[in-house]
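Keeping the supplied structure of chain A fixed, place chain B upon it in accordance with the hints.
Protein chains: 2
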Amino acid sequence: MTDLESIKRLQELEKQIKARMSTVKHKIAVISGKGGVGKSTFTVNLAVALAANGHMNTIGILDADFHGPSVPKMLGLMGKTLQVSSEGVSPAIGPMGIRIVSTEFLLPDENTPVIWRGPLKVNAIRDFLSDIVWGELDFLLIDLPPGTGDEPLSIAQLLPDLDGVIVVTIPSQVSQIVVKKAVNFSKRLNLPVIGIVENMSGFICPNCSAKVDIFQSGGGKKISEELNVPFLGSIPIDQKICEDADNGKPFIIEHKDSPAAEAFMEIVKKIDKFINSKESTLGKSAIQKTKIHKRSAR
Amino acid sequence: MTDLESIKRLQELEKQIKARMSTVKHKIAVISGKGGVGKSTFTVNLAVALAANGHMNTIGILDADFHGPSVPKMLGLMGKTLQVSSEGVSPAIGPMGIRIVSTEFLLPDENTPVIWRGPLKVNAIRDFLSDIVWGELDFLLIDLPPGTGDEPLSIAQLLPDLDGVIVVTIPSQVSQIVVKKAVNFSKRLNLPVIGIVENMSGFICPNCSAKVDIFQSGGGKKISEELNVPFLGSIPIDQKICEDADNGKPFIIEHKDSPAAEAFMEIVKKIDKFINSKESTLGKSAIQKTKIHKRSAR
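The listed protein sequences correspond, in order, to chains A and B. Residues in the first sequence are numbered from 105 upward in steps of one, following the working numbering. Residues in the second sequence are numbered from 105 upward in steps of one, following the working numbering.
Don't read these hints as lab results, they were simulated from the structure. Each hint should be verified, as a subset may be incorrect.
Treat identical chains as interchangeable: a pair holds within one or across any two.
Straight-line distance between alpha carbons at most 30 Å, and here's what the computed DSBU-like set of lysine-lysine pairs gives [said to hold, decoys possible]:
id, residue 1, residue 2
1, 184, 129
2, 326, 184
3, 315, 119
4, 291, 326
5, 382, 325
6, 119, 382
Here chain A stands alone, though its shape is the one from the complex:
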């Protein structure tokens, strides 16, 4: 392909992404900077919480963690594949009609590694956004891998109307340093930060009820104050969260009365509020635009 041909191809793809994304109302990315803080667990449970609260069949998850895709396992969808039709590629369907796309669905088996350098990952994200028939969605949640490299950069560039990012951290100082970098990454790219979630925040022994701060606590609130971004809440450590993820069942359904699930639902309320306030502002500005338009049309 000549340079001119590849530029044309890219322009076509971007047009296609715009068309595909026109049926998606809200796009939220879940990032962290640091790995293993519970991004995928958070994404999956957020999807289920939104679906259960008025958005049945209208939630999508793009698992953009190519090297460590965990969403299919956490939703009990291992072994599924994506169906191709003349319209494009259809997502796998999970509980409550959640539509999921993950590299895991494209691999011959779960042991196969995805050995891709940056440019290949960038192409894959472009393809996922342009070829997948997402359909009418209220929310597309994008589960990003740790770091501030190719994947989050591509999402920021290909989805200029992203509603915002949710930043997940664990309380430790080591995590705080890395997660602060992720918040500043978002600021530099003008991505709205919906807020910070502190995951694995303290552990209550199920035997004696003693509280043990395995990964410390309070770090999430600290960086939200330091960097002047909203704090969404803390989720305690609960061994049932890991068990449920391994069993492919969202813990906010399986253990909905646990303190962790309750903390999680408080966070969802804040995210909902962010989206609603955005919608009402957008609504207002749309009304204003119409007014201005009418005025100038006079």
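Frame of chain A; chain B shown alone:
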């Protein structure tokens, strides 16, 4: 730069890497596939354990996690910078004379994200291996970021005489899937797998001594059997490990009598055994080579 010039430049760099690495006896990479499993904690404590056991002033750590560098924080070296001389760039010096190189030392402050796409990270690894004056080292430990992308691929290609990789996992099934991919990545690239470490394996409540499998347990042994690679051991969860990391103190020194530190030292013994058996095989083959050489010289 023309294509020919860049090829020449790359060849020069590779020659330079070979020269720099000729003074390093052993090179070990720590990988995982999945983030947040404790790779950096493991690397830092392995460095200290080796230094304390006959390798004082001859251990190096290359922190190749550009987006989430944690080694400087864990060794109490935040705010340090690298010194440049006519010979090259000198590593920062940590406890027991451990020589450390990390992108963290190159940033204006700890909040700055490293927003790099793949090719930039590949260049940085090449520079770290070619420009750093590592000096005489018994061990260079390379702390790799999660995933099977640019950074581990570059290390595999630039260091063909890598002794092997240590694969760290947490016990959960979700982690097992991702870590199996990392083991298969190593096999595909012909990197010897020294073994698998199961980190965060069960938690003993410090108040009532009940054992709680927060992230399950047994997953590390399971994948080592499934994939036919050595199992090095399990390290239990201990809130002091996180505390010590945040305080920049290696827990195997600070809490050397804890079950976690004892489990860790058992693992170090196995790594030592691997290296020694390799050395004695290499020694034999060197003797054989000399004999053959003498024979053919007759």
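Outcome of the hint check:
With identical chains, the CA atoms of residue 184 and residue 129 are at most 30 Å apart within one copy only, with a shortest distance of 27 Å there and 46 Å across copies. Taking CA atoms no more than 30 Å apart as the test, residue 326 paired with residue 184 passes between copies only; the shortest distance there is 24 Å, against 41 Å inside one copy. Taking CA atoms no more than 30 Å apart as the test, residue 315 paired with residue 119 passes in neither setting, with 53 Å inside one copy and 55 Å between copies. Taking the shortest alpha-carbon separations for residue 291 and residue 326, only the intra-copy value of 18 Å comes in at or below 30 Å, while the best inter-copy value is 42 Å.
Taking the shortest alpha-carbon separations for residue 382 and residue 325, only the intra-copy value of 23 Å comes in at or below 30 Å, while the best inter-copy value is 49 Å. With identical chains, the CA atoms of residue 119 and residue 382 are at most 30 Å apart within one copy only, with a shortest distance of 25 Å there and 56 Å across copies.
Checked against the numbered hints given earlier, the structure breaks only hint 3 and satisfies all the rest.
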